[in-house]
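Residue numbers (my numbering), protein chains in the order written: chain V, 303 to 691; chain H, 26 to 377.
Check before you lean on any hint, since a few could be wrong.
[As the list claims (entries may be wrong)] With a cut-off of at most 30 Å between alpha-carbon atoms, the simulated DSSO-like pairs for lysine-lysine come out as follows:
id : chain 1 : residue 1 : chain 2 : residue 2
1  : H       : K105      : V       : K338
2  : V       : K332      : V       : K342
3  : H       : K105      : V       : K332
4  : H       : K105      : V       : K342
[To be verified] If you want the ones that stay clear, here's a sample from chain V, every Cβ over 10 Å from chain H, calculated:
id : residue
5  : L339
6  : A344
7  : A448
8  : P467
9  : P513
10 : I516
11 : A576
12 : L653
13 : R665
Derived from the structure by calculation, the hints contain no laboratory data.
Because the structure is a prediction, the values reported are computed rather than measured.
Note that beta-carbon positions come from the ideal geometry of N, C-alpha and C, so glycine has one too.
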Amino acid sequence: MASTWRSDDREAEWFMADSPRVLRFTLEAKTWPALKLGLKLAIWRVLTLTLYWFWAETRIRRAFAHASALGGDRFEYSGTGLQMFIGFLIAMGIILPMRGLFHLGSVLGASAWLAPVEGLFWIGLWSLALPFFAWRYRMTNLSWRAIRFGFDGGFARYLRAMALPFLLGLLTLGILWPRFMLIRRRWLVAHTRFGSERFAVQAGPATALWPWYIAAGAAAAAFLLIGVLVATGLNPSVSGLLFLATFTAWVFSLAGMYFAIDRVVANETLIAGARIRAWYSIWPLPLRYASWLFALLLPLALFGPTLAAVASLVPAQQMLALVHLSWGLMLLGWVVVLFTWSLPFVRLPILRHMLRHSALDGRLLIEQVGAGDPGRGGNDALAALWPVA
Amino acid sequence: VNTTARWFDGETPTPHTVTLSLVGRYLTAISNDGRSFQWPCAEIVRVAALPGGGATIMPVHGSPERLVIEASGADATLAKLCPNYHRLTRFSSRDRLTVVRGMALIAAVLVTVLFGVPLAAPLIARAVPASVDAWLGARVEGSALTQLTGGAPRYCQNAPGSAALADLNRRLSAAANLDAPVSVSVVNHSLVNAVALPGNRVVVFSGLLNTLTDGDQLAGVIAHELGHLARRDPMARVIAMMIWSTVIDGLMGIGASGIVLPFLNAAHSREVETATDRAGVAILARAGIASEGFARAMEQLARQDRAGPFAFGLLDTHPPSLERAAAIRAIGHTGRAAMTDQQWSAIRSLCR
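Bound-form chain V, shown alone (with noise of 0.2 Å):
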């Protein structure tokens, strides 16, 4: 058993010793078909200006979802492309005016104070908006033994709960933004239904994030000691090596901490009489942001010092244009994570990982769960938008 942040080994070992009263959670997906898939849907794409992503990503969900089982029986997954694309058309009837207006704000000069309130908009739009509809998406989509899985929680009521949380986050400078993120996921996660029986989550002392706190502040002071040997004369191909490393340090340890908080959750999660159980390691999960982190990574280390070279030779109006060609480098990145996390094959052995450590521990009270209402689910708007939710 890979080394966990939790003391929790021996009890590790216990799951594996598949007691008669603990479901375990299974995938039954081999990485060849998963990487056939990923390139034809992938060819789809290109062959319809990206178009078929709605329905390439239904089809993967649908594939995992029924590769994934509990206790033998199979999870469903019932979303369609169409409701996706129509989410995703809704989306950009909020998002395209929305941006327009922060566009002509800030040709009016108003970007002073615009700024702001536009960086506000756009996180609060990503990291509030989307994940809550993407997750009631998600969850009103998903059967087992034929039950669906449902969702009662209100956006306003959501908003209301989350703002404290979220602002301190903001206003903390990211240091209690982990904490708004475990608050976000124990209130989605005590609104989802099986059917008639509604999760609950016993929430604890989130002990597991401390190591992210202790790597956080790690790299803060990396940062700060670059900076003092730079401004004492250093190298500057060392410090920027240096940087490199700190920030590749730092980024695995964010990713880490998403994971950190999903196991939080899960083992707070108890339902029907049963508990969830997740002792999945940590630490070799963000290798699945290995090319993330490469991808993001490349253009800047290439384009860095072609800047500066290039620079030097131009004239100035162009340095303009090069700026923008550098954050364009730096967003084809994204793009890049973004499709690379999209292929199956990528999700897959990670899936895996998570499923073949997790299970649900007590006897399921299954003849107190009846069919209940899955909830507003439908064409949700900003699901679309959220493909690494």
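Start from chain V and add chain H according to the hints.
Relative to the frame of chain V, chain H by itself:
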């Protein structure tokens, strides 16, 4: 064909073991507690195939019930007998139509963005009232110069220099037939450039004054900028950039315009600059000023720009300066000098 399967009724998660048989075009099931069911093949839809040839099926399309048949060959047999078996996983004709329509929409948006916006922006710009143009110009000048200089911009003024510049501005503006007075100002910045802004504003940077060698060259550059104003290019550019940025960010993701806009803008801008050079030559002709200075200004800028085109010239917002000089000479004309040497010296000393 008889086999066992697990049946879920969709009401509770309790599995029921049933014995299945195919009778004609019907699938019949008898549960262990004696209940029997019959489903027509036409209603059976596959949810997913199982490893080993089995399948999870929906016995009635749209119902929550599920049958999990592990028996090998079940999937192939049902696929053969049931006409709508693949209905759920098939890319339906409705989906196909949506994708085709969506592709047509994307193509239409792309064509509009690439060709329609440069055509429409000048028309929209001409319809913008002069008061709005002036209001926008004041704001754009303020924000752009503050961004460029990193603080409050320093406008350069002294009595002889400002008077000489105003005299040149008066003659050229009259020749340009503009509907409102033009404000030409000089800002202390090393940028070798001059820009036309909405609201009939022209800003000349001191870097340009230090690069040019006589008053005729400056007259050529200012005539070019007045050509932009006569064509309402600054307002058209603001409109085009706003539409492009909004559409590109919307379609490709927030910030994507950072990649596309420099290329798009450069491609469009080169055509505009060529046309504006012709307009500048015409303004000089109407003012009775020789166009040779304009051509020499371009050659002077070419000497300044020793690095040559970057990225194969794809990001250049202007055509190569030497080509511009040749094009100006091709349509050039003779005339008097734009100003005296004293006036030129006074303008040049504005920021000193």
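Given the proposed pairing of H/K105 with V/K332, does the C-alpha separation stay at or below 30 Å?
Holds, at about 27 Å.
Need the status of pair H/K105, V/K342: alpha-carbon distance at most 30 Å?
Given pair H/K105, V/K342 holds - Cα atoms ~25 Å apart, limit 30 Å.
Exclusion check [V/I516 not at the chain H interface, CB over 10 Å]
32 Å, holds
Please settle this one: V/P513 was flagged as non-interface, so is its CB more than 10 Å from every CB on chain H?
With a cut-off of 10 Å, V/P513 remains clear of chain H, as the shortest Cβ separation is near 32 Å.
Decide if the proposed pair is consistent with the structure: H/K105 and V/K338, CA atoms, cutoff 30 Å inclusive.
25 Å, holds
With a cut-off of 30 Å on the C-alpha distance, tell me whether V/K332 and V/K342 pass.
16 Å, holds
Beyond 10 Å from every chain H Cβ: check whether that's true for V/A576.
12 Å, holds
Is V/P467 truly not at the interface, in the sense that its beta carbon sits beyond 10 Å from all beta carbons of chain H?
24 Å, holds
Minimum C-beta separation from V/L339 to chain H exceeding 10 Å: can you confirm that?
12 Å, holds
Measuring Cβ to Cβ, find out whether V/L653 lies farther than 10 Å from everything in chain H.
16 Å, holds
Any Cβ of chain H at or closer than 10 Å to V/A448, or is the non-interface label fine?
3 Å, violated
Can we confirm that no CB of chain H comes within 10 Å of the CB of V/R665?
Holds, since 13 Å exceeds 10 Å.
In this structure, the one hint that does not hold is number 7.
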